[in-house]
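A.B. asks: Take a look at the letters that make up each chain.
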Amino acid sequence: GAVVSQHPSRVICKSGTSVKIECRSLDFQATTMFWYRQFPKQSLMLMATSNEGSKATYEQGVEKDKFLINHASLTLSTLTVTSAHPEDSSFYICSAQAQGAGTGELFFGEGSRLTVL
Amino acid sequence: LAKTTQPISMDSYEGQEVNITCSHNNIATNDYITWYQQFPSQGPRFIIQGYKTKVTNEVASLFIPADRKSSTLSLPRVSLSDTAVYYCLVGGFSGNTPLVFGKGTRLSVIA
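Chains A and B supply the protein sequences, listed in that same order.
Under our numbering, the first residue of the first sequence is numbered 1, with each subsequent residue one higher.
Under our numbering, the first residue of the second sequence is numbered 118, with each subsequent residue one higher.
Bear in mind the hints are in silico, worked out from the structure with no lab data behind them.
Ideal Cβ placement from N, Cα and C applies to all residues, glycine included.
Where hints are given, some of them may not hold.
[What the hints assert, rightly or not] Below, computed lysine-lysine pairings styled on DSS-like, alpha-carbon distance capped at 30 Å:
#1 K64(A) <-> K186(B)
#2 K14(A) <-> K66(A)
#3 K120(B) <-> K66(A)
#4 K64(A) <-> K169(B)
#5 K169(B) <-> K186(B)
#6 K220(B) <-> K171(B)
#7 K220(B) <-> K169(B)
#8 K55(A) <-> K66(A)
#9 K66(A) <-> K41(A)
#10 K64(A) <-> K41(A)
#11 K220(B) <-> K66(A)
#12 K171(B) <-> K64(A)
#13 K41(A) <-> K186(B)
#14 K41(A) <-> K220(B)
#15 K55(A) <-> K14(A)
#16 K55(A) <-> K169(B)
#17 K20(A) <-> K186(B)
[What the hints assert, rightly or not] Far from chain B, some chain A residues (derived; all Cβ distances over 10 Å):
#18 S15
#19 S18
#20 D27
#21 F34
#22 S43
#23 T49
#24 E63
#25 L68
#26 A72
#27 E110
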């Protein structure tokens with residue numbers, strides 16, 4: 001089945017630094033990918049929709065200058081947490097659906113756990 | 118996007134059948150119903166998807182009544198490894214429509 005891979009799976013950084021998380025669709029092309037954030041014991045919260053070749057669409061309350069999204073190819077979307085602070089510590093998950101798949105499952109990455117010290 | 122309501126938590130003994138019901142009163146005509154399973158520190162994993170009536174695969178069954186305002190995920194003979202959070206999602210899955218997650222149901226399977 002289709003696979004979505006994220007890297008890194010875990011990252012620890014100092015406050016004020018920037019961290020990049022990659023999301024790749026391994027065996028299919030995805031014009032659209034989605035980024036979610038999940039805090040402990042809570043559900044997934046949609047952050048933004050990543051569109052290949054165009055600007056991402058951010059959900060209300062999500063700072064676009066804080067969470068930079070780049071979707072440069074049909075198989076790769078990146079999320080950069082800029083000037084990270086401890087409150088940005090969370091589990092970040094991406095998802096994608098195969099292009100032209102119509103009604104079908106949305107594939108999720110393994111998630112990336114960010115810890116900001 | 119249709120909002121979903123599920124029980125917050127459920128407990129079950131090993132070997133029992135577990136039924137988790139999800140309410141989605143404002144489901145749209147072109148919306149499908151999909152259930153995902155999530156283990157701690159992992160991304161959600163697809164379980165089953167349906168539009169109406171009953172769907173069955175190797176791991177679960179999905180029952181959808183005629184009015185489609187609810188659905189029930191049925192897990193036969195659960196084991197300890199089925200302890201997870203189960204999410205019911207409703208959407209058209211056009212490829213560029215995000216899925217909005219509800220709170221999910223935390224299933225605890227007890228030996």
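A.B. asks: Decide, hint by hint, whether the structure agrees.
C.D. replies: Structure-based check of all given hints:
1. For the hint linking K64(A) to K186(B), the alpha-carbon distance of about 36 Å lies beyond 30 Å, and the restraint is violated.
2. At roughly 16 Å between alpha-carbon atoms, K14(A) and K66(A) fall within 30 Å of each other, so this suggested pair holds.
3. For the proposed pair K120(B) and K66(A), the alpha carbon gap of about 28 Å is at most 30 Å, so the pair holds.
4. Restraint check for K64(A) and K169(B): not satisfied, since their Cα atoms lie roughly 39 Å apart, outside the 30 Å limit.
5. As the CA atoms of K169(B) and K186(B) are separated by approximately 10 Å, the hinted pair is consistent with the 30 Å bound.
6. Straight-line distance between C-alpha atoms of K220(B) and K171(B) comes to about 24 Å, which keeps the hinted pair within the 30 Å bound.
7. For the hint linking K220(B) to K169(B), the alpha-carbon distance of about 23 Å falls within 30 Å, and the restraint holds.
8. In summary, the hint linking K55(A) to K66(A) is supported, as the alpha carbons are separated by about 14 Å, within the 30 Å threshold.
9. Pair hint K66(A) plus K41(A) holds up; C-alpha atoms about 24 Å apart against a cutoff of 30 Å.
10. Only pairs whose Cα atoms come within 30 Å are accepted, and K64(A) paired with K41(A) is accepted, the gap being roughly 25 Å.
11. With a C-alpha separation of about 26 Å, the suggested pairing of K220(B) with K66(A) holds against the 30 Å cut-off.
12. The hinted pair formed by K171(B) and K64(A) fails the criterion: a straight-line CA distance of about 42 Å is larger than 30 Å.
13. Under the criterion of a C-alpha separation no larger than 30 Å, the hint pairing K41(A) with K186(B) is consistent with the structure, at around 27 Å.
14. The hinted pair formed by K41(A) and K220(B) meets the criterion: a straight-line CA distance of about 10 Å does not exceed 30 Å.
15. For the suggested pair K55(A) and K14(A), the alpha carbons sit about 28 Å apart, so the restraint of at most 30 Å is met.
16. A C-alpha spacing of about 36 Å is found between K55(A) and K169(B), which places the hinted pair above 30 Å, so the restraint is violated.
17. For the given pair, K20(A) sits about 41 Å from K186(B) by alpha-carbon distance, which is inconsistent with the 30 Å threshold.
18. The non-interface label for S15(A) is consistent with chain B: the shortest C-beta to C-beta separation is roughly 23 Å, beyond 10 Å.
19. Listed as outside the interface, S18(A) is consistent with that label: its C-beta sits roughly 23 Å from the nearest C-beta of chain B, beyond the 10 Å cut-off.
20. With a cut of 10 Å on Cβ distances, D27(A) stays outside the contact zone with chain B, its closest approach being about 15 Å.
21. Non-interface status of F34(A) relative to chain B is broken: a Cβ of that chain comes within 10 Å, the nearest being about 5 Å off.
22. Non-interface status of S43(A) relative to chain B is broken: a Cβ of that chain comes within 10 Å, the nearest being about 5 Å off.
23. Non-interface status of T49(A) relative to chain B is broken: a Cβ of that chain comes within 10 Å, the nearest being about 6 Å off.
24. Annotated as non-interface, E63(A) keeps its C-beta farther than 10 Å from every C-beta of chain B; the closest such distance is 18 Å.
25. Every CB of chain B lies more than 10 Å from the CB of L68(A), the least distance being 18 Å, so the non-interface label holds.
26. With a minimum CB-CB distance of about 17 Å to chain B, A72(A) clears the 10 Å threshold, and the non-interface call stands.
27. Annotated as non-interface, E110(A) brings its C-beta within 10 Å of a C-beta of chain B; the closest such distance is 5 Å.
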